[in-house]
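Start from the sequences, fold in the hints, and give me the full structure.
The residues making up each chain are set out below.
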Amino acid sequence: MLYFLDIELKDALKQDNQPRKGLEVASEIRQLDRFASIVFVTTHSEFAPITYAYKVSALQFIAKDQPEKNFSQQLQSCIEYVADSDLQPAPDDVYEFETEYTHVQIPFIDLLYFETLSQPHKVAVVTPTQRIEFYSNLKQIEASDPRLVRCHKSFVVNVCNIARIDRANSLLTLRGGATCYLARRKIKIVEERRRAYGGQP
Amino acid sequence: MLNLLIYFFLIIWQWVLIWIIYRQVSRSQISPWAIAGSVILSALITPFLGGAWVLIIFPFMLVQTYLHDRFQNLRLTYFYSIYTAFISLLLTNLIGLAFYLFLPEKFNALKGIQVIGIVLLPILIHWVTIKVMRINFNILKIDAKYVRNNIIGPANKILTIEFIAFLFVYFMETYRDVTEAVADYTKYIFFIYIFMFFALLAFLGIQARNYLLQELQNAKTEQYENSLPYYLEIERLYKELAGFRHDFANILLSLNESIKSGDIELVKSVYQNVLSQTQVNVAQTKLEVTDLANVSNPALKSVISAKVLAAQQQHIHVTLEVKETIANCYIDLLDYVRIVSNLLDNAIDGASVSADAFLRIALFYQDDLFFTHIENSANTENITIANMYSNGYSSKGHAHGHGLNNVQRILQKHPNAWIETAIKEQKVVQTVIIKRSK
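Protein chains in written order, with the working numbering: chain A, 1 to 201; chain B, 1 to 438.
Note that these hints are calculated values from the structure, not bench results.
Heads up, some of the hints might be wrong.
Chain B is faced by these chain A residues, among others (derived, beta-carbon under 10 Å) [stated by the list, open to error]: (1) Gln18; (2) Ala48; (3) Pro49; (4) Lys64; (5) Ala124; (6) Thr127; (7) Arg131; (8) Ile132; (9) Ser136; (10) Gln140.
Model, not experiment: these values are computed from the prediction.
Even for Gly, the Cβ is constructed at its ideal location relative to N, Cα and C.
Structure, rendered in C-alpha cells:
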C-alpha cells in the first residue's frame with residue numbers, strides 16, 4: 001500500500017492548521033500496516049527525509065512547489081519503486097535481534113561476527129557493510145544457532161564466512177578481509193563446525 | 001597438616017591484600033586462574049626463598065597484567081604491577097613496624113591479631129587515602145600525551161626508585177639479626193615509608209587534577225574557536241541583509257516614481273532589471289542550514305556551524321535537518337560535542353575526496369531516544385567496517401588519533417549510548433543513539 005501525505009494538515013473539526021499532524025497520521029498508518037510505503041508531499045522547507053525515515057520509515061519527500069513535469073516524474077518513480085519492492089521475496093535465513101529502537105534482521109550470509117564491548121551486556125554485530133550495537137551477551141548468541149561459534153573470549157564468529165584459519169597467529173580471516181581472534185583451544189570446534197556448515201551459509 | 005593449612009592461609013591472606021590493591025588501581029576484572037596461580041606459585045617457592053618470596057609479586061603482576069590485556073599500553077601495565085607490588089609491601093611493612101614500635105609488649109603474644117591487622121589495616125589505609133585525596137585512577141587509562149608523559153612516566157620512575165630502595169632496606173632488616181641496633185633507625189624508616197606513600201599518592205592526585213584542568217581549558221578554547229566562525233557568518237548574513245534592505249528601499253522608491261508617472265513600460269523595466277535579479281540573490285542564501293536555529297545549546301550550535309562552514313568551503317553540499325528544539329543530549333555535553341565533532345571531521349574527510357560531495361546531518365528525538373544521524377558521500381570501494389574500526393585489535397597494535405577510536409572511547413563511558421555504522425552505495429552513515437537516563 002502506498003500513501004501520500006502532507007505534513008501540515010488541517011484539522012476538520014477545529015478548522016485550524018496543525019503543523020505536524022501528517023507525522024501523527026503517518027505513525028498511525030505505520031501501526032496498522034507495517035509494510036506501508038509512506039511518501040510526504042509537502043513544501044521544500046518542511047523536508048526532513050532522514051528524520052522521517054527513522055520515525056515512520058518514510059520512503060520519499062516530494063516538493064509540491066516545483067514544476068509539474070518533475071512532480072509527476074517523482075510520483076511515478078515512487079509508484080514504480082513500491083511495485084518493484086512488492087515483487088522481491090524477503091530473505092528467509094536471517095538473524096534477528098532487537099536494538100534499543102527497532103527490530104533488525106540480517107541475512108545469515110552477511111553475518112561476520114559478534115564482539116563484546118567494554119560496556120557490560122553490550123555487543124556489536126559486524127557485517128561487511130554494517131556494525132550495530134545492541135544489548136545481549138555472547139553466550140546467548142552462540143546458543144541461538146550452531147553456525148555461530150564462540151571462537152574467543154570476546155568474539156562469536158559465523159563459521160560460514162571464515163575464509164582462512166591462521167593457526168600461527170591465532171587469527172580468523174573472514175570473507176571481505178575482516179579478522180577476528182581465535183583462542184587455541186577453540187581451533188578444533190571452529191574447524192569442525194566449518195566443515196559441517198562451511199558450504200551452506 | 002594443621003601447619004600446612006596455616007601456611008596456605010597465610011599465603012592466601014597476603015594475596016588478598018595484593019589483589020585488592022591491584023583491583024583498586026587497575027579497575028580490571030581479575031581472573032580466578034590468576035588468583036589461583038599466584039597462591040600456588042608463592043606456596044611452592046616460599047620454602048626455598050623464605051621472606052624473599054615477595055620478590056615474585058612484581059614479575060608475576062607484570063606477566064599477569066600483560067596476559068590479561070595484551071593491547072594495553074605497556075607503561076600502564078608496568079605501573080599497575082609495580083604499584084601493586086610496592087604499595088602492598090610498603091603498607092604491610094609500615095603496619096608491621098607500627099606494631100613493633102607502638103604496640104605495648106603484652107600484645108606481642110597475640111600474633112593472630114597482628115596477622116589479621118597486617119592485611120586489613122593496609123587495605124583500609126589505602127582505601128581511605130585514595131578516597132580522601134580523591135585520586136581517580138581511571139584517568140590513567142586515557143590515551144593522552146599528558147597522561148603518558150607527565151603522569152605514568154614519572155610515576156613509574158618514582159615507583160622503581162622507591163621500590164629498589166625499599167627492597168634494599170627490607171632485606172637488610174630480614175637478613176640481619178634483629179637486634180637493638182635496628183630499632184634505633186627503625187623509627188626513621190617508619191617515617192620515610194609514610195613519606196614515600198603519601199608523596200607518591202599526592203603526585204598522582206595532583207597530576208590527575210592538572211590533567212583535568214588542562215582538558216577543561218582546551219575544551220573552552222576549542223569552543224571559543226569554534227564559535228568564532230559562526231559569529232562571523234552571522235555578521236556576514238546580517239550585512240547581506242542590511243544591504244538587501246537598502247537596495248529594496250531604493251527599488252521601491254524608484255518603482256514608486258515610475259508608478260506615479262503612469263508609465264507601465266518603465267514599471268516593467270524596473271521590475272525586470274532590478275527585482276528579478278534580487279530574487280536570484282535571495283535564492284542563493286544558504287537555506288539548507290537554517291535549521292541550526294533549532295539547536296538551542298550554544299556549544300553544540302557553534303561546533304556544528306563551524307564544521308558546516310568548513311564543509312561548505314570544501315564545496316561539500318550540506319543539509320541540516322533539525323525540526324525539533326535540541327536542548328538536551330542525555331549525556332555529558334562535552335562528551336557529546338566531542339563525539340559529534342569527531343564524526344563530522346571524519347564525514348568531511350570522506351566527502352571531500354568523493355565525487356558529488358555531500359554531508360547530511362539530522363538531529364531528532366523519538367520517544368526517550370536522541371538520534372544523531374550523520375551521512376556523507378564517500379568512495380566506498382575501499383572502505384570496510386573492519387578498516388573503519390581498526391582498533392586496538394589491529395595488527396598494528398595501538399592505533400592513535402583515529403576519530404572513530406576517540407568516539408568509541410568516549411561512548412564506552414556511557415551505558416546509555418550506542419553507535420551504528422552502515423556503508424551504503426557511495427555513502428557512509430553513522431548514527432549515534434542516546435537514551436534518556438532514568
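Hints, one by one, checked against the model:
| no. | hint | in the structure |
| --- | --- | --- |
| 1 | Gln18 | violated (14 Å) |
| 2 | Ala48 | holds (5 Å) |
| 3 | Pro49 | holds (8 Å) |
| 4 | Lys64 | violated (17 Å) |
| 5 | Ala124 | holds (9 Å) |
| 6 | Thr127 | holds (7 Å) |
| 7 | Arg131 | holds (4 Å) |
| 8 | Ile132 | holds (5 Å) |
| 9 | Ser136 | violated (12 Å) |
| 10 | Gln140 | violated (18 Å) |
In summary, the structure is inconsistent with hints 1, 4, 9 and 10 from the numbered list given earlier, while agreeing with the others.
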